[in-house]
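There are 2 protein chains.
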Amino acid sequence: MTAGSFKITIHMVASLDGFIAKKDNSVSWFETTDHYEKGITVSGPDIQEFLKTIDCYVMGSRTYEHALELSKSYGWAYGDIPTMVLTHRTLPIERSNIEFYSGDPEKLVNELLKQKYRNVWLVGGADLAKDFIRLKLADEIRLSILPIILGNGLPFFDHIGLEQALHLKDVTAYKSGMVELWYEIKNS
Amino acid sequence: MTAGSFKITIHMVASLDGFIAKKDNSVSWFETTDHYEKGITVSGPDIQEFLKTIDCYVMGSRTYEHALELSKSYGWAYGDIPTMVLTHRTLPIERSNIEFYSGDPEKLVNELLKQKYRNVWLVGGADLAKDFIRLKLADEIRLSILPIILGNGLPFFDHIGLEQALHLKDVTAYKSGMVELWYEIKNS
Chain A
1033 MTAGSFKITI
1043 HMVASLDGFI
1053 AKKDNSVSWF
1063 ETTDHYEKGI
1073 TVSGPDIQEF
1083 LKTIDCYVMG
1093 SRTYEHALEL
1103 SKSYGWAYGD
1113 IPTMVLTHRT
1123 LPIERSNIEF
1133 YSGDPEKLVN
1143 ELLKQKYRNV
1153 WLVGGADLAK
1163 DFIRLKLADE
1173 IRLSILPIIL
1183 GNGLPFFDHI
1193 GLEQALHLKD
1203 VTAYKSGMVE
1213 LWYEIKNS
Chain B
1033 MTAGSFKITI
1043 HMVASLDGFI
1053 AKKDNSVSWF
1063 ETTDHYEKGI
1073 TVSGPDIQEF
1083 LKTIDCYVMG
1093 SRTYEHALEL
1103 SKSYGWAYGD
1113 IPTMVLTHRT
1123 LPIERSNIEF
1133 YSGDPEKLVN
1143 ELLKQKYRNV
1153 WLVGGADLAK
1163 DFIRLKLADE
1173 IRLSILPIIL
1183 GNGLPFFDHI
1193 GLEQALHLKD
1203 VTAYKSGMVE
1213 LWYEIKNS
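Chains A and B, in that order, give the protein sequences.
Our numbering puts the first residue of the first sequence at 1033, with every later residue one more than the last.
Our numbering puts the first residue of the second sequence at 1033, with every later residue one more than the last.
No lab work stands behind these hints: they were computed from the structure.
Any given hint could turn out to be false.
Given that identical chains are not distinguished, each listed pair holds provided it fits within a single copy or across any two copies.
Stated by the list, open to error - Calculated cross-link-like contacts (lysine-lysine; reagent style PhoX-like; alpha-carbon spacing at most 20 Å): (1) K1070 with K1218; (2) K1148 with K1084; (3) K1039 with K1139.
Excised from the complex, chain A in its bound form:
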């Protein structure tokens, strides 16, 4: 990314059959037991370094509520990075780096995010990701595919209703059997 450029990346973890959550919201399926010999491993410090490049997280209200719920067991997943929650509801603010926004996504991006940030990650949910793709607000997709078929749940891409060409930027396979597909969205 060149200095000064602004980018919104949609990041999702999904099963091979495209589900990002189970119906009961349980998350144990993230811990797959696969081993892919040719895959890479990433150290904790490297992950921390990488996460520091993210300026701001954007999420929908249910993703936020789910993250709050999970934080009771695992801690808050998004650190001290500013986090914008799109919602029309009144929700508890449990951390000082969380802001709520009740306007439309285009206004959020153009009037707020572009003024303050460069590297924004949209981390869910599926509806919000779809809105951003439909509105041509998202620049990249990083989809991490776990080695499992869930068979049921909340689909990431659920008949988005729009044909969209992509450019493959990179593919990374991990020792855990997870594969990350990184695409640029050809919005022009």
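Take the given structure of chain A and dock chain B to it, following the hints.
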């Protein structure tokens, strides 16, 4: 594969959002215009060599009808390899290497395919692939993901209703931006 072993591989080409066909059955979306610098290319002769290792194709009746339709413009896609079409309908036989089977998948596999073949590829459609996964008849999945979001169409994995662990066997990215994910189905 060790000599004498029998294996059924499900092979599908899908969009990133998991569709294997458009509603109008058009196939021009297979010809994506992406270029992935780090990807590999495979020569025609290499593809031919690879295809020779396949002993038998299995497909459903609509996939067969679609292949017949496409063969008028592009030729028959499955060469002279024996092809078994699972159907209860009466369909035209336009090539001598095509057989019809109207029994259930388990009988087909145990009483027929296992007797004659070793490396069987199931090439569609989605319903048949799901039946084979549910019945634990499939051993591997090779899913080729094209760099496009279709937004609509026939989904490959459509709420299969069964959780199934996978083992990542290999990942191959092509110059065309297509990524092939190759999994073993952990049936035991």
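Comparing the hints with the structure gives:
1. K1070 with K1218: Intra 31 Å, inter 19 Å, cutoff 20 Å: inter-copy only.
2. K1148 with K1084: Result: close within a single copy only, 16 Å intra versus 57 Å inter.
3. K1039 with K1139: within (15 Å within a copy, 54 Å between copies)
Hint compliance for this structure: every hint is met.
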